[in-house]
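Undergrad: Both chains are sitting in their own frames, so use the hints and assemble them into the complex.
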Amino acid sequence: MFRLQGSKVLAVDMTGDAVKAKNGSMVAYDGRMDFKKLTGGGEGIRGMVTRRITGEQMTLMEVKGHGTCWFADRASEINLVDLRGDKLFVESSNLLATDSGLRTGTSFTGLRGASQGNGLFTTTVEGHGQAAIMSEGPAVVLRVSGQYPLTVDPGAYVAHQGNLRQSFQSGVTFRTFLGEGGGEAFQIRFEGDGIVYVQPSERNSIAGDV
Amino acid sequence: MTTHPGAGPVVHDPTTLPVDDNVNAYTFCVELRGSEWFLQKGKMIAYYGSMDFNGIGHGRLDRLVRTSFHSPLHASDWVVASGTGRMLLADRAFDVNSYDLDKGNLTIRSGNLLAFQPTLALKQSIVPGFLTLIGTGTFVAASNGPVVFMEPPIRVDPQALVGWADCPSPCHHYDHGYMTGVMGGLRALTGLGGASGEEHQFEFVGAGTVLLQSSEALMAEQPAGTVPHQPGVPGGGGAPGHGPGQGGTPRLPGQLGDLQRRFGL
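Read top to bottom, the protein sequences are chains A and B. This note's numbering numbers the first residue of the first sequence as 294 and each following residue consecutively. This note's numbering numbers the first residue of the second sequence as 52 and each following residue consecutively.
This is chain B alone, in the form it adopts within the complex (with noise of 0.2 Å):
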C-alpha cells in the first residue's frame, strides 16, 4: 500500500524504483540497460529514460525472433522493448510476479504472460492455449490474486491453473462415478441433481511444480498461435479416426468431454 494516514504517498523517482522487482503488488518495474525485453502488446504503463517499442516483425530484430521466438505465428502480439531506463509493467490490476527460470522449462496460460527476457525461449505449448518458456532468465507473469506453488501429485481446478514447471504429465481427470451414464451427463449439463462444478479437474503427478491463482477468473486468452494441420499434432485437426464435425470446434482447456458420446449418441 503506498499512503498510510498521516503520512504521503510514497514517491518514485528513477533513484528509487525497484531494479527488475515488483513496486506494489500489481506494477513491475524493469531496468533495460541496453538491452532488449519482450512485451505482451499495451503492458508498458509508464516509463523514464529513452525506450523503443517495435513489433516483432521489425527487420533489425528478426535475429531475436530467430533466437527467441519459435512460434512465428503470433509473434505479432508480442513487441519488444530496448534502450536504457526503468519501465513500469503491468495488467489490469492484476496481481503480477517476476520469476526466474534456470536452464529450466516453465509452462503458462498464454493471457498470463506479461514479459520475458530474450535469454528465454518462447514456444507454442502442445497442451493448446499455453506457452512454454526454456533456457535461463527472468520473465512477469499476471495473476488473479497472488500465485501459490504446489507440489504435485495434485488435482487442480482447471480455471485456477496458471502454469507448470518441470511436470511431466499434465491430464484430464474426470470424477467418474459421478460423471458417467445419462444422469450424470444431464447432471453436469444442467446442473439438476447437484453437479458440484468440480466434477472436472487437471491431474498433476511427478518431480515439479504447480502454478494456481487463487481465484478462478481467467485472464483473456492471447492467441497462442496456431498448429500445421498434420495427422498426429494435437488441435492441428488432421487426425485419422476423427467423425466429421468434431473437427471444428477446438476443445478449449477446462471444457468437459463431448456429451453426445456421453449420452451414447
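Bound-form chain A, shown alone (with noise of 0.2 Å):
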C-alpha cells in the first residue's frame, strides 16, 4: 500500500509482499525487509538488452518485507498513480517505484525524447497496482478528451497514462535562425482520451533556448 507522508516522502506498508524502487532510494524502514539488486530492472535478459541498447538505463531494487519502507530521491515531489490495467509512460528517470505486480518496459517515443534530451525512447509500467512517480516541483495532472487537446513543452513533461497519440509540433521558422523565435519551438500536442503529468520546471533542453 503506498501513501504519501508529506509530499516529498512515500511510505509503502508491506506484508511480506514485494515493491521495486529506484536503487538507493530507500530512506529509512521499520521491520524486517530485504533489499535485493534487480539486475536489468527486473525485466529478464531481453528488458536488459533493450535498455542498454535504448539509453533508457534505470537500476531498481526489490524491497520485500514486513513492515513500513520510506522512499525519497533528491526531495522531488513524489506522485501516486493509480494504474488499472492501463500503461503509464514516465521517463525512467522520473520513476521512482511500483508495485512488484506491474511490469515495465521500454518504449518508442520518437521524436518528443530527443527534443528534451531524453533520448528516444521511454519507460512504460503496466498492470494493475499503484506506481510513483517524481516531478521538480508538484505535478499539475492535466485530463485530455477528445473535445480538449492538450500541447506540452517537452521539458515539463513528466509522464502520461491512458490511450493518447502524441505528435511532434515544430514552431522552428526563420525566425528562430534569426533570433526571434518564439521561446516554444518543440511541444508535444496530446490527442485522444487520458491523463498528462506536467511539473512546473523546464528540464534543460535544446527546446528552452530557441
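Rather than coming from a laboratory, the hints here were simulated on the basis of the structure. Quantities reported herein were computed from a predicted structural model and do not represent experimental measurements. Note that beta-carbon positions come from the ideal geometry of N, C-alpha and C, so glycine has one too. Please note that a few of the clues may not be correct.
Said to hold, decoys possible - Partial pick of chain A residues on the chain B-facing surface, computed with a CB cut under 7 Å:
| hint | residue |
| --- | --- |
| 1 | 430 |
| 2 | 434 |
| 3 | 436 |
| 4 | 443 |
| 5 | 444 |
| 6 | 446 |
| 7 | 449 |
| 8 | 486 |
| 9 | 488 |
| 10 | 494 |
TA: Have a look at this one:
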C-alpha cells in the first residue's frame, strides 16, 4: 500500500509483499526488509538488452518484507498513480517505485524524447497496482479528451497514461534562426483520452533555448 | 498539494482550471480569449486550445512593442502568446504569484518577472538589472519562497529584494561603524574578525510597498538591456569624473563599494 507522508516521502506498508524502487531511494524502514538489486530492472535478459541499446537505463531494487519502508529521492515531489490495467509512460529518471506486480518495459517515443534530451525511448509501466513518479515541484495533472487536446512543453512533461496519441509540433521558422523565435519551438500535442502529468519546471533541453 | 492519502490526484481539465489564478503555489493559469500576453521565453509548460508564440520582433506585433515595450534592446527575450485557451506558466518550481496594478508602478528584478498583460508598459529601471511596469493590468512574478510585502521605512537584504511599488527612494545603506577603515575593509574582504555578511542593505523610505522573497537565492538575471552611453545615465559609463578602469566593470546590485577606495588606494 503506497501512501505519501508529506509530499516528498513515499511510505509503503508491506506484509510480505514486494515493491520495485529506484536503486538507493530507501531512506528508512521499520520492521524487517530485504533489499535485492534487480539486474536490468527485473525485465529479464531481453529487457536488459533493450535498455542497454535504447539508453533508457534504470537501476531498480526489489524490497520485500514486513513493515513500513520510506522512499525519497533528492527532495523531489512524489505523485501517486493508480493503474487499473492501463499503461503509464514515464521517463525512467522520474520513476520512483512500483508495485512488484506491475510490468515495466521500454517504448519508442520518437522525436519528443529527442527534443527534451531524454533519448528516443521512454519507460512503460502496466498492470494493476500503484506507481510513484517524481517531479520537480508538484505535478499538475491535466485531462485530455476528444474535446480538449493538450499541448505540452517537452521540458515540463513528466508522464502520461491512457489512450493518447502524441504528435510533435515544431514552430521553428526562419525567425528562430534570426534569434527572434517564440521560445516554444518544440511542443508535444496529446490527443485522445487520458491524463498528462506536467511539472512546474523545465528541464534544460534544446527546446528551452530556441 | 495535489495528492492526499487515500484520494487520487486532482485532475484538471479546461473547465476546472482557474482563470488567471494559481493552480498550485508553483503553477499559474492564464486564460486567453483572443487576447495577448507577454511571456519570458520558455515559461509556458502546457496549454489547452490554440495559441501562437511569436518573438516580439514579429512584424504583425510591432504595434504592441511600441505601446508596451520601451526597451527594444531586450525585446528578444520576450514572446507574445496570442489565441484562445488556457495556458500554464511556471518557472523552475519557484513560487509564482500574480499582482494587479491599477494606474500604478512597480519595479521588479528582471529575472523574477514571468509574464504581463499588454495593457502594462515595461520599461528599464534606472536601477541596473531591474524593470519597471507602469499602468493598469496583471503581471505574474516568480520568487524563491513566498513573497512578503513590507511597508517602508525598511532596510532589506540585497539578495532578498524582489521589487518595490511606489517607493521613490531605494538607496544603499552601509553599517559604517563596522565597515570603515582598513580593518573594516579587511573584515569585509576576508571575513576575518567576523563579517556578519549583513553590513550592506537597501534602504526604502516614503509611502509604498517593498516585495521580499523568503530566501536569499537569486533568480538568474535576465538581460534588461543596455543603456545609451551618455553622461548622466547610470550604468551608461559616460559620466565624467569616473577614474579609468571603472567604467569597464558594471556595479551589480548588492555589490559592496570599491575596496580600493576603502583602502585609500
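Undergrad: Of the numbered hints stated previously, which ones are contradicted by the structure, given in increasing order?
TA: Going through the list in order, the structure violates hint 8 alone and respects the others.
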